[in-house]
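J.: What follows is the residue order along each chain.
Number of protein chains: 2
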Amino acid sequence: MSYDGTGLGGWQRQLGRETVQEWLERALEYVGAGRTCVHGAGRTDAGVHALAQAAHVVLEKGPPTDRLHFALNTALPPSIRVLFAEEMPKDFHARFSARGKLYLYRIAAQEVLLPPLRRFFHWERRALDLSAMRRAASHIIGKRDFAAFATHPGIPRVRSTVRTIRGLHLFRTRFGIDLYVSGDGFLYNQVRTLAGTLVEVGRGKTHPDKIRDILESRDRKQAGPTLPPQGLFLVRVDYGDQYPPSRLLRRNHKAL
Amino acid sequence: MSYDGTGLGGWQRQLGRETVQEWLERALEYVGAGRTCVHGAGRTDAGVHALAQAAHVVLEKGPPTDRLHFALNTALPPSIRVLFAEEMPKDFHARFSARGKLYLYRIAAQEVLLPPLRRFFHWERRALDLSAMRRAASHIIGKRDFAAFATHPGIPRVRSTVRTIRGLHLFRTRFGIDLYVSGDGFLYNQVRTLAGTLVEVGRGKTHPDKIRDILESRDRKQAGPTLPPQGLFLVRVDYGDQYPPSRLLRRNHKAL
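Here the protein sequences come in this chain order: A and B.
Its first residue numbered 1, the first sequence is counted upward by one per residue in the numbering used here.
Its first residue numbered 257, the second sequence is counted upward by one per residue in the numbering used here.
The hints are simulated quantities; they were obtained by calculation from the structure and are not laboratory data.
Some hints here could point you the wrong way.
[What the hints assert, rightly or not] With the C-beta cut set under 7 Å, the calculated list includes, among others, these residues of chain B facing chain A:
id, residue
1, 337
2, 345
3, 370
4, 473
5, 476
[As the list claims (entries may be wrong)] Residues from chain B shown here face chain A by an in silico Cβ test under 10 Å; the list is partial:
id, residue
6, 257
7, 258
8, 306
9, 323
10, 326
11, 333
12, 334
13, 369
14, 372
15, 375
16, 407
17, 489
18, 499
For each residue, glycine too, the CB sits at the ideal point set by N, CA and C.
Let the sequences and hints guide you as you build the complete structure.
T.: Here it is as structure tokens:
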């Protein structure tokens, strides 16, 4: 599914917030699937957008699978849309079967932020040094300990903070810079903190090669700020060879 | 200035709607410029966006010109931003000195509309035939009578409906099709009706060469529907050689 995170309380069900998980479960009940528990590929935070988030749910009744997304979309708010649904093998799990994710962080670098961009970009007032940011990005790619780039609200420290960043690509757009980052999994706030650190490099505040020291320090205070959620998009979730993209998924991936 | 037309009542001041003109005049009063009348280059409709709309105003007091946009932006809602202000020759008029305008109409062609796009795209459920649309567009370029593509609420019929379309370019985007159209001036609803007619060609409902007959008919009923406002952006206003783009304007044009 895709969602516009503006005004949403993120993925995970929680009291007093409108969340994607809760909306989906409500919509499933509305279309006659009964009370269910929807499992997402990952928990996007409040305000973060998704172009193709994935989730699974075990259904015993309800509309036929190929019509399910139409039915659900009649019950969902316009900020949330199910793009398609399909039956998966019994051992498939949206979260545990995921092999990787692709995120996009969008930065508008302009003196005055264009209002149509304000819900989907982080705003920087001045131009950023793209080549310095690319040099810094080269130090981030690979299997590394990203402790310096993660915040851990309530997660015990014993868990590993080693992750693999497979790709980190920066593109100049007509509004600023788009940052695509793919990897096997991400720590809490990792993408937004990587983006914040790269922006400090782009501003000339941090030397590109200092990224290595920041990684080594494993100290969150060494990295840059966690940028706001509205610039972040979960572009897609990859499930590898065991669950090759279906025709539907391939068609949708192509468009994203 | 740039604005996000969502929820705005368009450019022109009118009772009971929040309009850009009214907001600007209110902001000018707030920053100490007194009661003024702001003249826009063109009246965008309710819901239409602008990346670089132009306007002029005669000021006798208030902040210095080079600081004016900062001052105004503190008084404007986040949906409206002044990008810059500069002093112009006395004979300059935002509307009458304009030599042309560039509009963008954005179409998302996808089975389910991605929620982050919903305020900035017209939605088509199926793929559109881009080459047929381009062939149709070739009949539209040039100096022609566009009576068939305009609606005239309250405008007397005696006014000329001849306009010159200088460029009409269609680009495939990852979401659908972007339509850029530039010309010396546009009739009421002309861009949205041109877009609606081209979409009917793209759907295969109208033959590309039928555009010539539609133009000749001068009959609004022969053309396609007027597409909704949220896909339309006023990209910029051109003032020709008499008022060559200033350094500020050039810098801003480059980014749009």
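J.: Each hint should be assessed against the structure and marked as holding or not.
T.: Status of the hints after comparison with the structure:
| no. | hint | verdict |
| --- | --- | --- |
| 1 | 337 | 5 Å, holds |
| 2 | 345 | 24 Å, violated |
| 3 | 370 | 4 Å, holds |
| 4 | 473 | 36 Å, violated |
| 5 | 476 | 30 Å, violated |
| 6 | 257 | 9 Å, holds |
| 7 | 258 | 4 Å, holds |
| 8 | 306 | 9 Å, holds |
| 9 | 323 | 13 Å, violated |
| 10 | 326 | 9 Å, holds |
| 11 | 333 | 9 Å, holds |
| 12 | 334 | 6 Å, holds |
| 13 | 369 | 7 Å, holds |
| 14 | 372 | 5 Å, holds |
| 15 | 375 | 8 Å, holds |
| 16 | 407 | 25 Å, violated |
| 17 | 489 | 8 Å, holds |
| 18 | 499 | 22 Å, violated |
Hint violations for this structure: numbers 2, 4, 5, 9, 16, 18, all remaining hints satisfied.
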